[in-house]
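Enquirer: The lines below spell out each chain.
There are 2 protein chains.
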Amino acid sequence: MSFSVEFIAVGTELLLGQIVNTNASWIGSRLADAGLAHYRQAVVGDNLDRVVEAIRAAGARADVVILSGGLGPTRDDLTREAMAVAASVELQRDEDYAVRLRAYWEQRGREMPESNLKQADQPAGAIPLENPKGTAPGLRLDMGDTVLFAVPGVPAELHPMFDNYVMPALRDLAGGGDAVMVSRLIRTWGESESMVGEILDDLFDSSDNPTLAFLASAGEIKVRLTARATTAAAAEDLIAPIEAEVRNRLGSRVFGSDGDTIEEVIYALLRVRGWSLGTAESATGGMIAARLTAVPGCSDTFRGSIVAYQEDIKVGMLGVAAATIADHGVVSEPVALEMAAGAASALGVDVAVAITGSAGPDPQDKPIGTMVLAVRTPEGSHVRTLHLPGDRERVRTYTTTSALHHLRLALQGAL
Amino acid sequence: MSFSVEFIAVGTELLLGQIVNTNASWIGSRLADAGLAHYRQAVVGDNLDRVVEAIRAAGARADVVILSGGLGPTRDDLTREAMAVAASVELQRDEDYAVRLRAYWEQRGREMPESNLKQADQPAGAIPLENPKGTAPGLRLDMGDTVLFAVPGVPAELHPMFDNYVMPALRDLAGGGDAVMVSRLIRTWGESESMVGEILDDLFDSSDNPTLAFLASAGEIKVRLTARATTAAAAEDLIAPIEAEVRNRLGSRVFGSDGDTIEEVIYALLRVRGWSLGTAESATGGMIAARLTAVPGCSDTFRGSIVAYQEDIKVGMLGVAAATIADHGVVSEPVALEMAAGAASALGVDVAVAITGSAGPDPQDKPIGTMVLAVRTPEGSHVRTLHLPGDRERVRTYTTTSALHHLRLALQGAL
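Going down the list, the sequences are from chains S and L.
If you read the first sequence in the numbering used here, its first letter stands for residue 1, the second for the next number, and so on.
If you read the second sequence in the numbering used here, its first letter stands for residue 1, the second for the next number, and so on.
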């Protein structure tokens, strides 16, 4: 087996779902960036036997086991003790560290609770890893042929310790690194996962470096290319022609790569033109505005939104003609277009997105799942009627994402 | 060992850190709500041997193993096959399901890629779990004394399948035939977990059937009462007096029980008075309106919202006086009160919630994390300034929840 790393997050709060395990994804992406194989992750609660068992099981498979959490001063912080038990060594007081701990508290003008000295107890033979952001040091400890690392669970402490101490050690342990792994995500929207799979089927078969994989989430299909080579540049060279072929075949379905978001792509397109943005929403009830305002720095471009949930607000605030509603129904393309025009005028924006629809459970004048979206730019207006399956929340969420992608396509001149 | 559940998330994208494992925290919190022991979670990539090994290792310890992900139609979807191998049974084509799959695609006027038929292959003896939100069915399969469940990795498909099929089965399995377990969640907002703990401290010590536990997530503290008895009615009888005591001590901090949501509680309070509702949002950008319109049937009460992200929209559409902004700054209690009054007038609503704040990363006229919320009802107006830690998304999310709870308290006359 080639060199591999496993990750164990320690903490009952993770099992109870009180916090999300972002350390696992953060460390996973760091390991992937470095081309290090990482096949398994585990979560265990604050229980000595189970932490010990998890360390031993991971150590039997992997060359390195990284633990996060359980390094604090309270009774349920058991990671140090579990490492000692797993490696069959004693816990010893590190007197130098005890002195530094006391100094840390004195500097802050507070008396140290004696229980905090627990943080200076370390498995015999362990090397402490400095923690500039907190009091709990990390640890490195040999357990047979496996190397254990322990880092704090608090992300602000974990991140610098991992980058400064753990990552350089991992590169050394991996033995000069005769393989680097590089991944590229190509993000698409507008086709099913199986259709994207069929479009790229022969590449999936013929290319084993890079390998291809498909990831689906929230209507988006991501194509992942993963290459291994002796250097990152060589891996990029392997990826480049396949990426070009994938992009060529998928065309305007591709909206970005790697960490790009559709919101950021939209703002980049708007800023090039100097256009401002607003929304007029009925069935989505503010969801499009909420997503667009989640982006830091959006206030140079996003101006506002009118959530016109009731018909008389569509007429009164967005200037939709009562006759248009009477003639076509409130869920109709003419109404969506008038909503977009009304939003552009009322909010003073260059670009407006408007939604009217029947999200259920009670039908409007059109069947449930009928959602009409309009995009108005200074260059023209586009309108589209969608017929969506699923319940209210799914229809609203899909419509929101769909509206953002239609906006993107309109700004790219691809509608 | 008592009854326990383990969770395995399947997906290379999780190991590579491309997505965060929110399914783990969601399922963890569902299990905690139900009082089911859950000691370990694992993540494995899309590799048959490793998925099989993870299923067997978890099955050797736990009574139930829940898997998520790997149920799609593409080649890297291996969960069905891994379950068959782990349980030593064959994969068989479910012809009924194959017919339904074809019908699903036909209804949508699209041709089904043949590869999708893979989703109709199931381990022999498996019971399919219906997936109303997608095409991949879930599975239930016996592996010796352990029961395996597989659910989709897409949260919108996982959530209803888990609640509709997996959770009822878990309650049956946990009861073991001769005991029924009933849990009651009492949902509170506005106090820390430690304060709720102090208020209920003696009950925690004195009551062992039902037992009490505290669960914290997203600012909400849940008190869980779990009783065991020979019948559900007998368990309910054990819970009733303790629940009454808990509710009495916690007073208006309690907003609901079990699956109640703050949104539903608000609509129930509004309908009693016959009052309509709208919002005026700056820093939350439509998030409050989006949450309020997520509730089916809200259109009898919710009328609309004005997202006034820019100052001139606050003045032009909400009628905030320029002098008020000049005197107090745009993030101020007088501005929030004028926004609420303006929304009530512009939207024609009885009750309005307004938000102005500084969510970061760039400060407005007040420090980042300063969020002002106003609630206006026909009986009076209330305004509150919050000083919140954390980044933009955390500040916006907490403010949204906080606004809903202040609205609830105002409607209950408890502000």
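Check before you lean on any hint, since a few could be wrong.
No copy is singled out in the list; a pair is fine if it fits within one copy or between any two copies.
[Stated by the list, open to error] DMTMM-like mimics (lysine to aspartate or glutamate), calculated; alpha carbons at most 20 Å apart, straight line:
{"no.": "1", "residue 1": "K366", "residue 2": "E311"}
{"no.": "2", "residue 1": "K118", "residue 2": "D145"}
{"no.": "3", "residue 1": "K118", "residue 2": "E243"}
{"no.": "4", "residue 1": "K118", "residue 2": "E191"}
{"no.": "5", "residue 1": "K133", "residue 2": "D63"}
{"no.": "6", "residue 1": "K133", "residue 2": "E193"}
{"no.": "7", "residue 1": "K118", "residue 2": "E193"}
{"no.": "8", "residue 1": "K366", "residue 2": "E90"}
{"no.": "9", "residue 1": "K133", "residue 2": "D33"}
{"no.": "10", "residue 1": "K133", "residue 2": "D208"}
{"no.": "11", "residue 1": "K133", "residue 2": "D365"}
It should be emphasised that the hints constitute simulated quantities derived from the structure, not laboratory data.
All figures in this text were calculated on a predicted structure; none of them were measured in a lab.
Enquirer: Could you place K118 and E191 in one of the four classes (within, between, both, neither) given a Cα distance threshold of 20 Å?
Expert: between (50 Å within a copy, 19 Å between copies)
Enquirer: Given identical chains, is K133 near D63, meaning Cα to Cα at most 20 Å, within a copy, between copies, both, or neither?
Expert: neither (28 Å within a copy, 41 Å between copies)
Enquirer: Which holds for K118 with E193 at a C-alpha limit of 20 Å: within a copy, between copies, both or neither?
Expert: between (47 Å within a copy, 14 Å between copies)
Enquirer: Treating 20 Å as the Cα threshold, decide for K366 and E311: within, between, both or neither.
Expert: Answer is within: at 15 Å inside a copy they meet the 20 Å cutoff, but 37 Å across does not.
Enquirer: For K133 vs E193, is the C-alpha pair at or below 20 Å within one copy, between two copies, both, or neither?
Expert: between (36 Å within a copy, 15 Å between copies)
Enquirer: What label fits K133 with D208 when the C-alpha limit is 20 Å: within, between, both, or neither?
Expert: neither (40 Å within a copy, 34 Å between copies)
Enquirer: Reference check for the pair K118 and E243, CA-CA at most 20 Å: within, between, both, or neither?
Expert: neither (49 Å within a copy, 27 Å between copies)
Enquirer: Between copies, within a copy, both or neither: which fits K133 and D365 at Cα up to 20 Å?
Expert: For K133 and D365, neither the intra-copy (45 Å) nor the inter-copy (24 Å) Cα distance is at most 20 Å.
Enquirer: First find the shortest C-alpha distance between K366 and E90 inside one copy, then the shortest across copies, and answer within, between, both or neither for a cut-off of 20 Å.
Expert: neither (65 Å within a copy, 46 Å between copies)
Enquirer: Give the relationship of K133 and D33 under a CA distance limit of 20 Å: within one copy only, between copies only, both, or neither.
Expert: Neither: 24 Å inside a chain and 34 Å across chains, both beyond 20 Å.
Enquirer: State whether the alpha carbon distance between K118 and D145 is at most 20 Å within one copy, between copies, both, or neither.
Expert: Classified as neither: same-chain Cα gap 27 Å, cross-chain 42 Å, threshold 20 Å.
The structure does not agree with the numbered hints 2, 3, 5, 8, 9, 10 and 11 stated previously, though it agrees with the rest.
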